[in-house]
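J.: From first to last, the protein sequence lines stand for chains A and B.
Quick note: the first sequence uses this note's numbering, first residue 3, plus one each step.
Quick note: the second sequence uses this note's numbering, first residue 2, plus one each step.
To be clear, the hints were calculated from the coordinates, so they are not data collected in a lab.
Mixed in with the good hints there might be a few duds.
[Unchecked claim] If the Cβ cut is set under 7 Å, some of the chain B residues that face chain A in the computed set are: (1) 240; (2) 241; (3) 242; (4) 244; (5) 679; (6) 711; (7) 714; (8) 715; (9) 718; (10) 759; (11) 863; (12) 867.
Because the structure is a prediction, the values reported are computed rather than measured.
Think of the CB as a built atom: it goes at the ideal place given N, C-alpha and C, for glycine as much as any other residue.
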Amino acid sequence: MKIMTCPLNGPRPVSEFFYWGEVRPMPDPDTCTDAEWADYVFNRNGAPGVKREWWCHTPSNTWFIAERDTEKDVVLKTYFYQGDA
Amino acid sequence: MRLPATSGEWIDRSAPIEFKFEGRSYTGYTGDTVSSALWGADVRVLGRSFKYHRPRGVLSLANHDTNALHQWGDQLNLRADVVPLQAGMDLTAVNTFGGLDGDKGRVLGRFARFLPVGFYYKAFHTKGLFPMWERMFRAMTGLGKVDLDSPRRSTPKAYDFCDVLVIGAGPSGLSAALSAAAQGASVVVVDENARAGGSAGYQIGNDPARAEIHARLLAQVSANPLIRVLTSTYAAGYYKDHWLPLVSAERMLKMRAGSVVVASGGFEQPAVFRYNDLPGVMLASAAQRLMHRYGVKPMQRAVVLTANADGYRAALDLLARGVAVAAVVDLRARAGTAATLVQQLRDAKVEVLMSSCIVEAVPGTGGASVAAARVGAVQADGSPAADLRDIACDGILMSVGWAPAANLLYQAGTKMRFERAVEQFVPDVLPDGVFACGRVNGVHELSRRMADGTRAGSHAAAAAGFGEAVGSALAPEVESPSHPWPIVAHPEGKNFVDFDEDLQLKDFHNAVQEGFDNIELLKRYSTVGMGPSQGKHSNMNGLRILARLSGKEPQQVGTTTARPFYHPVPMAVLAGRGFNPERRTPLHSRHEALGAKWMPAGVWQRPEFYQLAGKVRLDCIREEVAAVRGGVGLIDVGTLGKLEVIGPQAAEFLERVYTSNYANLKVGMTRYAVMCDEAGVVIDDGVVARLAEDHFYFTTTTSGAATIYRELSRLNTMWGLDCGIVNHTGAFAAMNLAGPRSREVLATLTATDLSAAAFPYLAVRECTVADIPARLMRVGFVGEWGYEIHVPARFGGALWDALMAAGAAHGIRPFGVEAQRLLRLEKGHIIIGQDTDGLTSPLEVGMGWAVKMNKPFFVGQRSLKAIASKKLKQQLAGFTLPPGYSGDVPLECNLVIADGDIAGRVTSIAWSATLGRHIGLAFLRPDLATVGNKVSIRLTDGAMVEVEVSPTPFHDPENLKQKEAV
Numbered sequence: 003m004k005i006m007t008c009p010l011n012g013p014r015p016v017s018e019f020f021y022w023g024e025v026r027p028m029p030d031p032d033t034c035t036d037a038e039w040a041d042y043v044f045n046r047n048g049a050p051g052v053k054r055e056w057w058c059h060t061p062s063n064t065w066f067i068a069e070r071d072t073e074k075d076v077v078l079k080t081y082f083y084q085g086d087a
Numbered sequence: 002m003r004l005p006a007t008s009g010e011w012i013d014r015s016a017p018i019e020f021k022f023e024g025r026s027y028t029g030y031t032g033d034t035v036s037s038a039l040w041g042a043d044v045r046v047l048g049r050s051f052k053y054h055r056p057r058g059v060l061s062l063a064n065h066d067t068n069a070l071h072q073w074g075d076q077l078n079l080r081a082d083v084v085p086l087q088a089g090m091d092l093t094a095v096n097t098f099g100g101l102d103g104d105k106g107r108v109l110g111r112f113a114r115f116l117p118v119g120f121y122y123k124a125f126h127t128k129g130l131f132p133m134w135e136r137m138f139r140a141m142t143g144l145g146k147v148d149l150d151s152p153r154r155s156t157p158k159a160y161d162f163c164d165v166l167v168i169g170a171g172p173s174g175l176s177a178a179l180s181a182a183a184q185g186a187s188v189v190v191v192d193e194n195a196r197a198g199g200s201a202g203y204q205i206g207n208d209p210a211r212a213e214i215h216a217r218l219l220a221q222v223s224a225n226p227l228i229r230v231l232t233s234t235y236a237a238g239y240y241k242d243h244w245l246p247l248v249s250a251e252r253m254l255k256m257r258a259g260s261v262v263v264a265s266g267g268f269e270q271p272a273v274f275r276y277n278d279l280p281g282v283m284l285a286s287a288a289q290r291l292m293h294r295y296g297v298k299p300m301q302r303a304v305v306l307t308a309n310a311d312g313y314r315a316a317l318d319l320l321a322r323g324v325a326v327a328a329v330v331d332l333r334a335r336a337g338t339a340a341t342l343v344q345q346l347r348d349a350k351v352e353v354l355m356s357s358c359i360v361e362a363v364p365g366t367g368g369a370s371v372a373a374a375r376v377g378a379v380q381a382d383g384s385p386a387a388d389l390r391d392i393a394c395d396g397i398l399m400s401v402g403w404a405p406a407a408n409l410l411y412q413a414g415t416k417m418r419f420e421r422a423v424e425q426f427v428p429d430v431l432p433d434g435v436f437a438c439g440r441v442n443g444v445h446e447l448s449r450r451m452a453d454g455t456r457a458g459s460h461a462a463a464a465a466g467f468g469e470a471v472g473s474a475l476a477p478e479v480e481s482p483s484h485p486w487p488i489v490a491h492p493e494g495k496n497f498v499d500f501d502e503d504l505q506l507k508d509f510h511n512a513v514q515e516g517f518d519n520i521e522l523l524k525r526y527s528t529v530g531m532g533p534s535q536g537k538h539s540n541m542n543g544l545r546i547l548a549r550l551s552g553k554e555p556q557q558v559g560t561t562t563a564r565p566f567y568h569p570v571p572m573a574v575l576a577g578r579g580f581n582p583e584r585r586t587p588l589h590s591r592h593e594a595l596g597a598k599w600m601p602a603g604v605w606q607r608p609e610f611y612q613l614a615g616k617v618r619l620d621c622i623r624e625e626v627a628a629v630r631g632g633v634g635l636i637d638v639g640t641l642g643k644l645e646v647i648g649p650q651a652a653e654f655l656e657r658v659y660t661s662n663y664a665n666l667k668v669g670m671t672r673y674a675v676m677c678d679e680a681g682v683v684i685d686d687g688v689v690a691r692l693a694e695d696h697f698y699f700t701t702t703t704s705g706a707a708t709i710y711r712e713l714s715r716l717n718t719m720w721g722l723d724c725g726i727v728n729h730t731g732a733f734a735a736m737n738l739a740g741p742r743s744r745e746v747l748a749t750l751t752a753t754d755l756s757a758a759a760f761p762y763l764a765v766r767e768c769t770v771a772d773i774p775a776r777l778m779r780v781g782f783v784g785e786w787g788y789e790i791h792v793p794a795r796f797g798g799a800l801w802d803a804l805m806a807a808g809a810a811h812g813i814r815p816f817g818v819e820a821q822r823l824l825r826l827e828k829g830h831i832i833i834g835q836d837t838d839g840l841t842s843p844l845e846v847g848m849g850w851a852v853k854m855n856k857p858f859f860v861g862q863r864s865l866k867a868i869a870s871k872k873l874k875q876q877l878a879g880f881t882l883p884p885g886y887s888g889d890v891p892l893e894c895n896l897v898i899a900d901g902d903i904a905g906r907v908t909s910i911a912w913s914a915t916l917g918r919h920i921g922l923a924f925l926r927p928d929l930a931t932v933g934n935k936v937s938i939r940l941t942d943g944a945m946v947e948v949e950v951s952p953t954p955f956h957d958p959e960n961l962k963q964k965e966a967v
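Could you build all of it, start to finish, from the sequences and the hints given here?
T.: So this is what it looks like as structure tokens:
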């Protein structure tokens with residue numbers, strides 16, 4: 003089982019974590035078209051590569067960002083959310 | 002036959018064990034395996050092969066083949082070669098028709114030409130014959146008989162940690178353990194054998210110096226406090242970040258290691274010649290194990306086929322233990338490093354034939370033993386010369402090479418390369434923290450294996466944070482221990498490559514000829530390596546044959562994927578003890594005492610209804626409903642998610658996550674709340690209560706509690722609003738006191754003014770009830786005057802008791818989930834997840850009133866805007882059956898049919914005593930959803946029932962029940 007490092011609790015088995023999905027900026031709901039909005043809501047990029055994702059350490063309810071190379075199956079780094087930038 | 006006792010043998014001759022095999026009684030010793038005990042008792046046929054039911058004996062004695070699969074009671078497919086002998090064992094060989102000796106299935110061998118390679122594929126080619134083949138295969142295939150009544154075995158799972166995990170306790174593994182421990186790492190060594198030592202314990206070659214190395218390694222390891230050795234335990238697989246299941250007979254131990262040394266050694270490989278599967282033909286290492294571990298004489302007179310120095314040592318071991326060696330047959334032209342061993346053998350008058358091969362093991366009378374080895378010279382192309390000669394013997398040893406036991410390395414993602422210097426695959430690029438040494442690393446000579454282990458142990462310790470990595474990869478072996486082509490063709494076949502699947506050399510020719518010339522295709526078509534031993538003794542020769550037939554290098558042919566597990570792991574070990582935690586509310590014991598019938602609600606246990614003596618379920622539920630409608634009832638709602646959001650921007654947060662307005666909610670009031678996801682789908686509902694300007698208490702559905710809290714926490718993290726969320730779900734008990742008499746009951750327990758003016762519908766009050774600090778909310782979920790009372794969990798029982806006591810005079814009844822479902826249905830209230838699904842928007846379930854599109858933002862708003870601009874596809878509507886209806890009643894999920902097409906489905910339905918008819922909710926095509934319209938529902942059996950679309954709420958549509966009587 004993989005190890006994921008929670009920025010608060012340190013390295014823990016990945017079974018303690020909840021995976022949410024990629025961090026994706028929300029288009030401005032007031033100005034975007036229906037098509038742009040539908041693309042944001044329904045489509046995900048599954049191509050292998052480096053992903054920036056939301057993860058949660060569930061026993062402590064700690065949300066953080068993990069950067070993962072899904073091609074090599076390696077967690078590159080984890081850190082607390084600092085905004086979308 | 003047993004040999005005289007020697008020191009270091011694994012059996013205890015003072016502790017004999019009686020056991021039965023195929024109905025006959027035998028005696029073995031404590032420490033024996035089933036096979037060693039049987040071979041020691043001169044039993045030569047231990048099993049029958051899978052396809053042709055050929056007699057089979059010891060091949061590897063190491064779990065690398067499955068010649069001897071036995072069943073003992075409900076334990077099936079025991080691998081006799083490695084299963085410890087136990088008193089009282091009553092074993093039979095699997096896969097026989099009418100017993101091992103008289104196995105009628107053996108006639109199949111004569112029909113071998115009708116069972117060609119790819120038989121299954123070919124058999125099923127003609128559709129019409131499919132049922133016939135299926136019946137035949139079902140009767141003939143499968144190993145062992147499952148006893149469906151066998152009791153469940155409850156095995157524990159254990160968890161452990163170490164700095165360095167070493168797989169294999171042979172000379173390289175033990176050397177690795179010692180050097181890792183010397184650098185300060187805590188080390189665990191795991192080995193599937195009953196004792197540590199590996200080949201150092203039996204590849205002695207009658208050389209005291211080698212025996213001494215074995216003893217020294219064991220002594221050093223056992224004296225080292227940093228090293229733990231787990232024997233009779235195998236590493237079943239490699240999982241990410243050095244996480245390995247270590248499986249023994251009793252349990253699975255999940256080991257997390259800092260780094261891993263794979264010192265798993267090699268599988269000795271059989272040579273391929275005619276009748277190489279006869280009992281008596283065995284791997285050299287198998288004979289050495291029989292002698293050194295179990296004191297069993299493998300045969301009386303042996304011929305040793307070899308292509309390396311190990312074979313000469315095996316011959317010397319045979320001589321030392323009193324076995325006559327008729328000849329040593331070397332496939333090679335020169336003995337190389339074995340020159341001195343050759344001299345020793347010649348001094349002992351043993352004939353040594355160079356550049357020679359065994360063409361055939363000549364069967365003895367009855368065809369289940371060896372009478373001679375038919376030997377000839379090897380020609381340049383590897384084929385035998387015409388001039389052959391029989392050498393009488395009753396056993397043949399094969400020592401022609403090794404295949405790396407690289408299963409775990411492959412699973413860890415190691416890139417392997419074929420190394421001609423040793424004629425085997427070796428690790429080329431190892432993953433971080435994984436190291437290899439010894440035979441699996443292409444290092445074979447004993448002292449070099451130890452040096453390689455010392456190097457790998459040091460590197461592994463350094464990788465785990467202990468000391469500096471010392472040493473670099475060793476130079477290649479000066480000669481290959483494996484022969485590139487230990488294969489002899491024979492016009493009459495029966496030269497087996499895969500003993501599990503009875504695959505002969507010609508099967509490979511045919512498969513390749515038929516176009517299956519890729520290793521993965523060849524495997525599936527021919528089934529090579531697909532038997533229970535998963536190619537441990539057959540993949541390497543299969544690969545060599547394919548390489549030669551397709552004119553490729555082994556590197557180009559490649560290997561098939563090695564997947565967990567290394568050996569089959571019993572289901573009982575995988576299942577463990579089972580762990581299904583359930584949650585109970587603080588009132589669990591109260592419900593139990595009242596006769597609650599439990600039902601699961603997510604992870605919770607909730608009372609479905611309360612059993613009354615002498616009454617059926619439905620009557621109990623109907624009485625509970627009547628109590629709430631006519632008097633007063635009490636239900637535990639402590640499973641609801643109970644959250645608080647506190648802070649200057651708490652209202653802003655709720656505005657964003659719920660569809661309604663909360664900024665304008667007055668302190669002391671509550672409001673219904675609907676939550677959507679980004680697609681505008683309803684995912685949860687609850688009640689939001691404002692306790693102060695900056696303080697809200699709110700509920701979620703029972704099943705949504707954990708996930709909603711988690712997602713709200715994420716949104717709060719992302720938005721960075723000035724507020725915090727607290728999850729009180731387990732910290733509060735909650736119950737709903739409902740019914741026309743509820744106010745009278747509550748009034749006896751609280752000083753709070755309960756008049757409608759002071760405490761109106763949908764208000765929230767913080768006060769005391771029965772001297773318990775409580776939050777009171779006037780709610781109407783079940784359609785009666787009622788209060789949801791939330792108190793700290795530890796007071797839950799006391800409050801329940803107080804309410805039940807105070808309500809006794811009013812006929813209070815506890816009610817369960819079923820009664821609540823009906824009560825809310827009468828009121829037309831929906832349940833998220835029952836009356837909605839993963840695509841339902843609030844607009845489809847009549848909740849448009851709770852969706853405030855004029856807010857700046859809420860989750861799902863943009864999607865709802867898009868949805869609102871389009872025509873609704875369906876709409877939730879109430880329906881009723883005629884009052885006198887006596888036929889079959891639709892069930893939830895029955896379909897609404899209109900114009901021969903699906904036009905909706907039932908989401909809720911129940912008998913309403915209040916209304917005297919069946920009522921329900923259903924999704925309908927919007928044009929059908931007009932009140933008074935008749936629609937047809939198709940029952941499970943296909944019959945149609947007509948129902949009438951009705952307005953909701955069915956009960957108290959004016960909401961008069963929430964108003965004070967005038």
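J.: Would you settle whether the hint for residue 244 of chain B is holds or violated, based on the nearest Cβ-Cβ distance to chain A being less than 7 Å?
T.: holds (5 Å)
J.: Mind checking the CB of residue 718 of chain B against every CB in chain A and telling me if the closest is under 7 Å?
T.: holds (5 Å)
J.: Given residue 863 of chain B as an interface hint, is its Cβ closer than 7 Å to any Cβ of chain A?
T.: holds (4 Å)
J.: Would you check whether residue 679 of chain B satisfies its interface hint, that is, whether its CB is within less than 7 Å of any CB in chain A?
T.: This interface hint holds because 5 Å falls under the 7 Å limit.
J.: Do the numbers back the hint for residue 241 of chain B, that is, is its least Cβ distance to chain A under 7 Å?
T.: holds (4 Å)
J.: Could you check if residue 714 of chain B really has its C-beta closer than 7 Å to a C-beta on chain A?
T.: holds (6 Å)
J.: Return the status of the interface hint for residue 240 of chain B: holds when the least beta-carbon distance to chain A is below 7 Å, violated otherwise.
T.: holds (6 Å)
J.: Against chain A, with CB atoms and a cut of 7 Å, does the hint on residue 242 of chain B hold up?
T.: Result: holds, 4 Å to nearest chain A Cβ.
J.: When the nearest CB of chain A is found for residue 867 of chain B, is that gap smaller than 7 Å?
T.: holds (5 Å)
J.: Please check whether residue 711 of chain B passes as an interface residue: C-beta within 7 Å of a C-beta belonging to chain A.
T.: Residue 711 of chain B check passes; min Cβ-Cβ to chain A is 6 Å, inside 7 Å.
J.: Should the interface hint for residue 715 of chain B be scored as holding, given a Cβ-Cβ cut-off of 7 Å against chain A?
T.: Hint on residue 715 of chain B: holds, closest Cβ of chain A at ~5 Å, below 7 Å.
J.: Close enough to count: is the Cβ of residue 759 of chain B nearer than 7 Å to one in chain A?
T.: violated (39 Å)
The structure shown violates just one earlier hint, number 10.
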